[in-house]
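J.: Dock chain X against chain R, hints included.
Protein chains in written order, with my numbering: chain R, 52 to 120; chain X, 6 to 544.
No lab work stands behind these hints: they were computed from the structure.
Note that the Cβ used here is the ideal one computed from N, Cα and C, for glycine as well.
Among these hints, one or two may not hold up.
As the list claims (entries may be wrong) - Which residues of chain R face chain X? A few of them, derived with a C-beta cut under 7 Å, are:
id, residue
1, H78
2, G97
3, R109
4, L110
As the list claims (entries may be wrong) - Selected chain R positions facing chain X (Cβ under 8 Å, derived; list incomplete):
id, residue
5, G80
6, L95
7, P104
8, L106
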Amino acid sequence: MALAALPTITDPSVCSAMSRLSQEFPHVGLRSISIVVCTCREELRGSPEGALPELVERLARHRLQAAAA
Amino acid sequence: MGYVDVSGIRHTLPDGRVLLDDVSFRVGEGARAALIGENGAGKTTLLRIIAGDLAPEAGAVARTGGLGVMRQFIGSVRDDTTVQRFLVDLSPPAVREAWEAVERAELVLMETDDERTQMAYAHALAHWGDVGGYEAEVTWDTVTVAALGLPYERCKYRELSTLSGGEQKRLALEGLLRGPDEVLLLDEPDNYLDVPGKRWLEERLLETRKTVLFVSHDRELLSRVADRVVTVEGGSAWVHGGGFVSYHEARSARHERLAELRRRWDEEHQRLIDLVRTMQQQAANSPDMANRYHAMQTRLAKFEAIGPPPDRPPEQKVAMRLRGGRTGVRAVIAEQLELTGLMKPFDAEVWYGDRVGVLGANGAGKSHFLRLLAGQDVRHTGDCRLGARVVPGFFAQTHAHPEWQERTPVDLLWHGEPGRPGVDRGRAMAALRRYGLAGQGDQLFRSLSGGQQARFQILLLELSGATLLLLDEPTDNLDVLSAEALEEALTAFDGTVLAVTHDRWFARSFDRFLVFGADGRVYESVEPVFDETRVQRAR
Chain R
52 MALAALPTIT DPSVCSAMSR LSQEFPHVGL RSISIVVCTC REELRGSPEG
102 ALPELVERLA RHRLQAAAA
Chain X
6 MGYVDVSGIR HTLPDGRVLL DDVSFRVGEG ARAALIGENG AGKTTLLRII
56 AGDLAPEAGA VARTGGLGVM RQFIGSVRDD TTVQRFLVDL SPPAVREAWE
106 AVERAELVLM ETDDERTQMA YAHALAHWGD VGGYEAEVTW DTVTVAALGL
156 PYERCKYREL STLSGGEQKR LALEGLLRGP DEVLLLDEPD NYLDVPGKRW
206 LEERLLETRK TVLFVSHDRE LLSRVADRVV TVEGGSAWVH GGGFVSYHEA
256 RSARHERLAE LRRRWDEEHQ RLIDLVRTMQ QQAANSPDMA NRYHAMQTRL
306 AKFEAIGPPP DRPPEQKVAM RLRGGRTGVR AVIAEQLELT GLMKPFDAEV
356 WYGDRVGVLG ANGAGKSHFL RLLAGQDVRH TGDCRLGARV VPGFFAQTHA
406 HPEWQERTPV DLLWHGEPGR PGVDRGRAMA ALRRYGLAGQ GDQLFRSLSG
456 GQQARFQILL LELSGATLLL LDEPTDNLDV LSAEALEEAL TAFDGTVLAV
506 THDRWFARSF DRFLVFGADG RVYESVEPVF DETRVQRAR
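Next comes chain X alone, as it looks inside the complex:
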């Protein structure tokens, strides 16, 4: 069994800002700890420091039991990495090095077939055997069969880019969970997984005896799996020893406690300053008081040298004001609607004020349905109409706006677009501040994090005066706090909401569900349905 012990870690960004200071916590043997925090708080940096990719400016990381790391980019690998290379990279360093040595020896052997080279090759193979390379290959076979349904020998030269994001994640997770490393660092292991995939991940993490530290924004996963929560905020980290269910309460209590400690320190500080001043005056009149005055000065200096307790971390202030407005009673009417080649014809009515979750299999046409409602050109038959005064506002997945990539949020707000008037810099900055984006006003859109891009898009919806919100996976890149702010904003929104989502926690806030089945059938459900399998099409 392994553990991770982080003590006194400090990390400064290239621009001089201190990202992490005096970060200390321990993830004990067999623990399943979640690492959470706002976008940009330093979670991935902290994981990189624990993994040994980054050297901390101060402090140390102690760990035992071998460390397996799943990085955030897994799921979006688009280069020529093969399945074999990928599994080697997930292996312990000794196996990795032995594999590299065999590869090198094989290459040399192709060029020079002399005795020395052959002996070097034999030596590399012997070393490969000694470090457990052959056993690793047996494990890899189990892993590829479990993740891809193919034996290792048949898929080892397959490029990772030919696998879906979910398959890449699953391959990595199977490799790490079945591998020898006792401590696993998982950076967003649930990204790219559909709901059955997430459920599988939850079960595997619950049954593993390894020590796991994982970053996730999925509240359902957090509440089911994490037995403690490490929060990175305000440049430091603290640990809540319970699960995610009691986390919010613990966080509020901690913030109040910190604020109280700070208030008491400030009061004591002020009292000492006042005493020093009083004694200074008394010492001027009476030499007997000089000694007491100097003693009090020393006491104040010592008090200040110890410094104040950590300040209460600034609250993420995301104030979304999605107003909406009264529309006709029937907001959306679909009659015998069929998106060509995607589904069977269906009828649906959505009423003013409804909160409708659009669920179903990947590839079943959910996003196309939202785009059609948003007025985009989507091939279809049948009829689809919006009710009186219904103004659609569309939130697309982040990659859907190539034209924004080289522009800044302030520029996008200033120019406006049809249906959304432009606003001057002052108003733009005020709006950005409400969404926690004041510092990103002049940054290029492409350089914003996924969560910041998502928040900016919600701001555009607010400014467009939409009365029908069409949201395509809105919580996908939002941190836990921003997702909760969005939920609050939607509750206050006066209008109709249709949202495609795989977020089980978010889906609970909806009244009814439109399910796009894998068989092409579209049906209504009062309960969320996440079991629809992926649509199979000839590729």
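Chain R on its own, in the form it takes in the complex:
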């Protein structure tokens, strides 16, 4: 069964977090990282745009680290 293609992400806060976290957590699949990051982005949707990249990446990293522990 062919896996569904990853959705195209254009949100800069998600893109920057994805690219850095995928390097930081190579053993975690790109799809999982994407789900974690997108969830974090969704939960932080009320935050100011300028602060989003930092907030999303920080929260996603925290969750990925917690899952790995």
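T.: Same frame as chain R, but now just chain X:
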């Protein structure tokens, strides 16, 4: 647009004295009102009550449009407050609180990086955005560029103590004038500003559409900017609806009117008392008169219950008697004088009876020049002499007397000093009374207000028998009435006066001017020159 409405304010000092009673006035939308009064009359207290820092004992303050406050101490901040903190403190309460919340969240995040803390931080940032924090930061950038020539990001962590008094004032003024608050309370906004700075302030206050209530002693600023004058005197306040130019006339007329009303009340009071007495005697002889006697008693009681109209406020009685005396025709002669590192050599002659204004850039050596004439040790080359019988009397800026801080005026007068004989307590108190300082005779010098310290120094000049007055910014801390008393005293003074001043109104009373230029050149002018820029030196 905003307004301030003060009604029935009462405030009592800790010692039980009533400082303000039944103070009511309104500063309407777009008005530029000056708040004036003698030193210690309660201007700053009233501003603090309007700002909400002090709760009044009675009465209420109503206002709309957001309130921006510039406090008196700005210009002399010497602690570790940063530019960022300073601008936050000038912001509306919602922005201030949101900023505090972001700061707190950031600190917690440094210690604990868990999910809850991160969400709290995100929430604080969202709130910061909602209350207009990001827009405020854009305004702060405009403010720092205008006031300091630096973008906000480059100077936000700079300590305020590294800025000059004028820069601190300008930063605050730019922040308030460009900020969202529609009502501004400015406590001595012109202090620490040089004349170009004061002119800038005047222009900005004239062009702003905000409602402004400001305290100032600068008569030029008052006459140019204020469209109404609120006077705090005699424990209450009244409003003159015109500008400062017609203020003196209005004040005299008001005082006369109050005195007349009081006189009429006293006369009516006495008439009623006499009637009651007469009817008392008639009632004793004729029972028919008893009812009329009791009716008259009731009428008198009602009249007394309403009370007399407010008394005429006591006039500030400052009687300066600077006598001086005849000296040689040439009072001061300077030949190729150069104060080392401050200026180029210059020649000058000052004649007996001259009134010379010493003007020029900050740091150009004006105060040093006066100190040299006063006989103090100032490094110089060239020659500087005083004429026959010229006795210099030096008035220094208030901070120049550390040795007086722990002594009282009576003690300082009693001991005397070289050239000024000591006087006994009775004479000392009489002299202090003439300068409106009778109540401060036994107070420590350091606890006197700036204006009281200045008046005391002028009294010392009077007692020293000086024939050449060297005055360094004498009107800086004087209220409007004391400054006028000083001007009158100088007019009557038989001798020569040299005064360093940035007070444009005061400078008008001088005959000629010695200008210390920013390029080191010292020249004479028949008109006051206030445009010399600040002297730039390597620091």
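J.: Taking the hints in turn, state whether each one holds.
T.: Structure-based check of each hint:
1. H78: violated, 22 Å
2. G97: holds, 5 Å
3. R109: holds, 6 Å
4. L110: holds, 5 Å
5. G80: violated, 22 Å
6. L95: holds, 5 Å
7. P104: violated, 12 Å
8. L106: holds, 5 Å
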